[in-house]
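Here the protein sequences line up with chains C and F, keeping their order. Position 262, counted from 1, in the first sequence is what full-length UniProt numbering calls 262; the numbers after and before it change by one each time, with no gaps. Position 231, counted from 1, in the second sequence is what full-length UniProt numbering calls 231; the numbers after and before it change by one each time, with no gaps.
These are computed hints drawn from the structure, not numbers from a lab. Honestly, I wouldn't trust all of these hints.
Each pair may be met inside one copy or between any two copies, as identical chains are not told apart.
[Stated by the list, open to error] Straight-line distance between alpha carbons at most 30 Å, and here's what the computed DSBU-like set of lysine-lysine pairs gives:
1) Lys160 with Lys310
2) Lys208 with Lys220
3) Lys90 with Lys220
4) Lys185 with Lys89
Bear in mind the structure is a predicted one, so any value in this text is a computation, not a measurement.
There are 2 protein chains.
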Amino acid sequence: MPTPKLEDVARHAGVSKTTVSRVLNNRGYLSQKTIDNVNLAISELGYHPNIVARQLLKTKTNLIGILLPTISDPFFGELASLLEKKLYKKGYKVIIGNSTNDASKEIDYLNQLLSKQVDGLIVGTHNQNIAEYRQQNLPIVAIDRIINDDIPIIESDNYKGGVLATERLIDQGAKNIVHTNVSQKESPMQKRRLGYESVMEANNLDGKTYIIDFDIPITKKLDLLDQIFEENPNIDAIFAGNDTDAAFAMQVAQTRGLSIPNDLLIIGYDGTELIRNVLPQLTTIIQPLDNMTDLAVDILEARMSGKQTKKEYIHPITIWEGTTDKPDYNLN
Amino acid sequence: MPTPKLEDVARHAGVSKTTVSRVLNNRGYLSQKTIDNVNLAISELGYHPNIVARQLLKTKTNLIGILLPTISDPFFGELASLLEKKLYKKGYKVIIGNSTNDASKEIDYLNQLLSKQVDGLIVGTHNQNIAEYRQQNLPIVAIDRIINDDIPIIESDNYKGGVLATERLIDQGAKNIVHTNVSQKESPMQKRRLGYESVMEANNLDGKTYIIDFDIPITKKLDLLDQIFEENPNIDAIFAGNDTDAAFAMQVAQTRGLSIPNDLLIIGYDGTELIRNVLPQLTTIIQPLDNMTDLAVDILEARMSGKQTKKEYIHPITIWEGTTDKPDYNLN
Chain C
1 MPTPKLEDVA
11 RHAGVSKTTV
21 SRVLNNRGYL
31 SQKTIDNVNL
41 AISELGYHPN
51 IVARQLLKTK
61 TNLIGILLPT
71 ISDPFFGELA
81 SLLEKKLYKK
91 GYKVIIGNST
101 NDASKEIDYL
111 NQLLSKQVDG
121 LIVGTHNQNI
131 AEYRQQNLPI
141 VAIDRIINDD
151 IPIIESDNYK
161 GGVLATERLI
171 DQGAKNIVHT
181 NVSQKESPMQ
191 KRRLGYESVM
201 EANNLDGKTY
211 IIDFDIPITK
221 KLDLLDQIFE
231 ENPNIDAIFA
241 GNDTDAAFAM
251 QVAQTRGLSI
261 PNDLLIIGYD
271 GTELIRNVLP
281 QLTTIIQPLD
291 NMTDLAVDIL
301 EARMSGKQTK
311 KEYIHPITIW
321 EGTTDKPDYN
331 LN
Chain F
1 MPTPKLEDVA
11 RHAGVSKTTV
21 SRVLNNRGYL
31 SQKTIDNVNL
41 AISELGYHPN
51 IVARQLLKTK
61 TNLIGILLPT
71 ISDPFFGELA
81 SLLEKKLYKK
91 GYKVIIGNST
101 NDASKEIDYL
111 NQLLSKQVDG
121 LIVGTHNQNI
131 AEYRQQNLPI
141 VAIDRIINDD
151 IPIIESDNYK
161 GGVLATERLI
171 DQGAKNIVHT
181 NVSQKESPMQ
191 KRRLGYESVM
201 EANNLDGKTY
211 IIDFDIPITK
221 KLDLLDQIFE
231 ENPNIDAIFA
241 GNDTDAAFAM
251 QVAQTRGLSI
261 PNDLLIIGYD
271 GTELIRNVLP
281 QLTTIIQPLD
291 NMTDLAVDIL
301 EARMSGKQTK
311 KEYIHPITIW
321 EGTTDKPDYN
331 LN
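Okay, chain C solo, but in the shape it has when bound (with noise of 0.2 Å):
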């Protein structure tokens, strides 16, 4: 079977070319029910229109969307940030559309979005594989997470992040390390429990991780963490897969009457700007947001005029050293 052309869809989906070329650039008047028949007809013939002509042939709206899983914590906070202040000085707007790492929600915003005729998209969410990033021909880029192999992806080295973590905290004399990270599948931040795993599985210790998803209420965030330790009774360390749940976990320790770094070593992951300046003490990976949301607006722009990026961009991550570790210990 040859590759299915716009007249294929038009004639599947039983409307004239110009409306097949209306719900492609979203513009014009169109029923709910005629966008819904001709997106299924691109779907059921697996249309895929050029997007270097569509890009041409589309109104520009100078209109970028950015879809994260929480705005409530600080990396998403200080991500959305950054892209926005760095869109908009390069005359782009952006709106922000808010998962809460729901698939569904997702998908909802993501059609509110390309609805709004947005140029371009900057994904953030941890959600399994969405059939609509597929079937949209828009330029998207993904930072810290894997959609799919067309979509390039903007990340620090989680695995490597999760690895120096961990050997730090073994190099310390803890033996009892505890994880915690996300239940989606799809997300980077599991490379950062890899990195974690295989480095307790080379010393031949016991590794456990614990889930502690991205918008749960912060009540039910404490009562994991607190679970925790009601659990591991000999826990010494914790590698915590992001710095809310290590300011967390402080706060959950001290409670429980445990000294840190004494009875108990953290080491968050992020590094955000904020984090680093409210809770210094706090021994943390940082992420290079500043070096990783300029890639992501450089790669998008190449996305939008059609140009070919690689796949994967990974930064290079750093430490923080605050005292929630041994102050006396050195690097290698």
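For this one, chain C is given, so just place chain F on it according to the hints.
Below, chain F without anything else, positioned relative to chain C:
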């Protein structure tokens, strides 16, 4: 001169009545020139279309815009997150714009959200009066922001919060109390300052307020806080206009060798759930964000169905008693 009608606007702008109606409802294809001409005519004639009639005419989008001065501050992150969840549960989708406290950027985003056919708008930005808010006949609710007399405002009792914090510091023996606030005159944060100033004056103490605006770089905020200590060698307390300022002040003070609360008392403002759990030692005035966002959604829905609402909704504040002021002090 009689109240201008739709046909007057059409004649003035040199377009048809249908075109004016399209501009008012953001519907159908329109050139930017036509939109500008019609909006100019509306503004020159002082035309005010009937909101209820417009709402009946308008296609519902179930899309709500939120406009904020920053998204990297935990207060606005928590505010946006709560609003989004509550609105989504009621069947709305939410897009967020970040004005970074820049008036021209705010106008840009406002027009962007309006052109995306939002059904309503929740505004938390702090700029001077912006004409666009008067021209557009859109249901709007302001949180912590005075826009104009037609737009209901939802806020915490900022004046009482300022009084409470300042009285508490004076009762604990502080005499050289510095306050931080923002430069925007329309921000209800100014009422915190008024509360502070009235209590200082009543106690024959000299008040001094430093301006630390949202969304300036963190390094700049730290410099400004350091300057406070340089210029006020006898400083014995800080009433910070928000918790971010308070958290940074704690760090700067400690860097300078000051012990909290022995050498310096600190009270913040906002008391988000995040800060109360990450920095529970910070004494702060709590804005009841959960109640405020519940009400914001209710009032917006009332406005969207053309109902009259009150002009101002003030919520009582409470205090979070941490250890950055005297722990032995009892509130009357």
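Verification of the supplied hints:
1. Lys160 with Lys310: Answer is within: at 21 Å inside a copy they meet the 30 Å cutoff, but 56 Å across does not.
2. Lys208 with Lys220: within (19 Å within a copy, 41 Å between copies)
3. Lys90 with Lys220: between (40 Å within a copy, 23 Å between copies)
4. Lys185 with Lys89: between (35 Å within a copy, 26 Å between copies)
Of the numbered hints listed earlier, not one is contradicted by the structure.
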